[in-house]
Amino acid sequence: MKKKAIVNYINVFLFLLPALALFIGILIAPIIKSLYYSFFNWNGMGAMEFIGLANYKELFTSKAIGFLKALRNACVLAAFSVFIQLPLSLGLALVLGRGIKGERPFLSIYFMPVLISTVVIGQLWLKIYNPDYGLLNSALNGLGLNSLTRIWLGDVKTALVSVFIPTLWQYVGYHMLLMYAGVKGVSPELREAARIDGATERQVNKYIVIPSIKPIIKVSVIFAVTGSLKSFDLIYVLTNGGPLHATEVPSTVMIEMLFQRNRYGMGSTIAVMMIILCFAFALLISRAFKEND
Amino acid sequence: MAINNNNSSDHSVQKFGIRTLGIYILLVIWALINLFPVYWMFTFSLKTNEEIFGKNLIGLPWEWRWSNYASAWNTGNMPRYFVNSVIVSASAIALVIIASMMATYAITRLVWKGSAQTNAFFMLGLTIPIHASIVPVFITLRDLHMLNSHFSLIFPYAAFSLAMGILICTGFMVEIPKELDEAARIDGCGPWKTFGVVIIPLMKPALATIAIYTFLQCWNELMFANVFISDSKFKTLPVGIQALSGQYTTEWGPIGAALVIATFPMLLVYIFMSKRIQESFVVGAVKG
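Protein sequences, first through last, are from chains A and B.
Per this note's numbering, the first sequence starts with residue 1, numbered consecutively.
Per this note's numbering, the second sequence starts with residue 294, numbered consecutively.
No wet-lab data here; the hints were simulated from the structure.
Careful: at least some of the hints might be erroneous.
[Claimed, not checked] With a straight-line cut-off of 30 Å between C-alpha atoms, the simulated BS3-like cross-links for lysine-lysine are: (1) A:Lys184 - A:Lys218; (2) A:Lys3 - B:Lys568; (3) B:Lys486 - A:Lys4; (4) B:Lys568 - A:Lys184; (5) A:Lys3 - B:Lys486.
Given the structure is predicted, the values throughout are model-derived calculations rather than measurements.
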């Protein structure tokens with residue numbers, strides 16, 4: 001009997017081995033190592049100097065690193081996402097989910113940008129925003145609105161919004177799809193019953209559909225916020241944090257610390273802060289949704 | 294009263310008609326906003342600078358310059374990048390499928406203490422940002438002289454899709470009746486044989502979902518590929534396109550062509566499998 005139990009555990013271990021090796025080797029161990037590096041002043045090659053929490057202190061006080069500004073930008077992007085992108089997604093999901101004619105083709109078109117590589121989207125929007133020949137300025141000129149043309153990505157005032165628009169364009173479809181799946185899950189009988197009781201489309205949405213897809217809305221909010229905190233690809237392609245750090249986000253600061261300034265300790269500190277912030281926001285959002293119930 | 298009722302319902306029918314029309318107009322506008330940049334990308338990939346820069350901004354190309362594609366394909370090392378992306382994605386998909394199938398089998402079918410905790414442990418991977426591990430992984434790879442290799446991307450990509458892989462597998466595996474395991478055991482199958490003969494053949498839909506999900510993650514990933522790969526022999530498409538656009542700052546046609554080359558396979562697959570692809574995105578989020 002005992003031998004059987006041991007054999008069972010060996011089997012369990014062997015079945016888990018590939019996943020554990022990958023997961024611990026490439027995710028868990030490195031995170032612990034990041035935490036360790038974050039207490040050191042280290043250029044990646046030479047000796048490591050233990051400096052305690054000095055990196056964290058510098059991160060939050062140094063204007064030169066500009067982490068707080070990067071964090072603020074990430075929060076602005078998150079706010080844009082939650083208050084502009086998600087309502088748009090929800091609206092589309094509600095309309096398509098109630099079974100309108102042409103539902104499938106619309107759904108497929110709206111989801112398409114999600115599949116395009118962010119680098120491609122970034123390059124494409126670089127061309128759209130190009131100050132001399134880009135589609136946007138050319139269109140404005142064509143409409144006689146010459147005064148509105150700008151160096152969209154090069155102007156401190158417009159850069160962050162200009163970075164957000166392609167993000168919006170790409171991910172509305174993603175959140176829409178999640179919410180649409182939820183809307184489709186609402187039982188048709190419930191809907192029908194409400195309608196027979198004289199509820200308008202708006203009331204059905206407000207009192208039946210939206211409350212029942214709340215868990216999905218929560219997931220969407222978490223994805224939108226943590227996604228903004230982690231955002232990198234599109235910003236790297238479009239502005240790489242410029243002009244004058246106007247579009248800097250935590251991950252662009254991290255990459256700069258690592259590969260331009262060889263500050264591996266500080267880079268690790270930013271990595272650790274990003275994990276903490278992502279978990280904290282996810283928790284906070286879950287809490288907020290729970291209290292709302 | 295009756296007349297009144299009639300009136301109001303007539304009125305609402307008319308109002309409904311206008312509202313529906315309004316909704317359709319908005320839906321079509323949003324569809325055009327989604328499609329237009331892609332259309333524009335496709336058309337400027339076939340134009341000369343002269344056309345792109347003002348003479349023919351948004352129309353179809355006057356003369357379809359496929360030579361743009363030839364220059365993107367020949368000068369920019371695109372075939373190499375393309376093959377690299379395929380190698381890296383396919384290997385990562387294979388790894389994720391093997392590792393997550395085996396782990397899920399241990400978690401959901403074998404009886405042992407700690408399976409729930411192990412599952413929760415893996416699910417941490419859904420929230421952890423991938424950036425978190427970039428420094429130590431970079432240093433480890435550098436010290437092992439493994440930067441600039443396919444492996445340097447395959448293992449991290451597989452690790453990052455693993456949590457989702459297990460989540461998807463679990464969803465499908467709990468649907469398989471336990472009686473099948475019982476029957477196999479009575480026939481004298483051990484866990485490995487049961488896994489191979491009973492479970493794997495029934496998991497095919499899960500495999501497709503995992504493959505699609507992992508593929509999209511790998512095919513589009515930029516940060517790791519950008520940091521770990523500097524040798525153009527190993528660059529993947531996202532990094533390659535970045536490099537290419539640096540070379541072709543003044544000539545837009547070939548860049549457009551490169552963008553289309555990178556996007557086209559994806560869109561083609563999407564046209565044929567749109568439902569399946571959409572499902573693979575929903576499964577994880579809705580169940581998680």
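Hint-by-hint comparison with the structure:
1. With a C-alpha separation of about 17 Å, the suggested pair A:Lys184 and A:Lys218 falls inside the 30 Å cut-off, and the hint holds.
2. With a C-alpha separation of about 48 Å, the suggested pairing of A:Lys3 with B:Lys568 is violated against the 30 Å cut-off.
3. Restraint check for B:Lys486 and A:Lys4: satisfied, since their Cα atoms lie roughly 17 Å apart, inside the 30 Å limit.
4. This hinted pair checks out: B:Lys568 and A:Lys184 have alpha carbons roughly 14 Å apart, not beyond 30 Å.
5. As the CA atoms of A:Lys3 and B:Lys486 are separated by approximately 20 Å, the hinted pair is consistent with the 30 Å bound.
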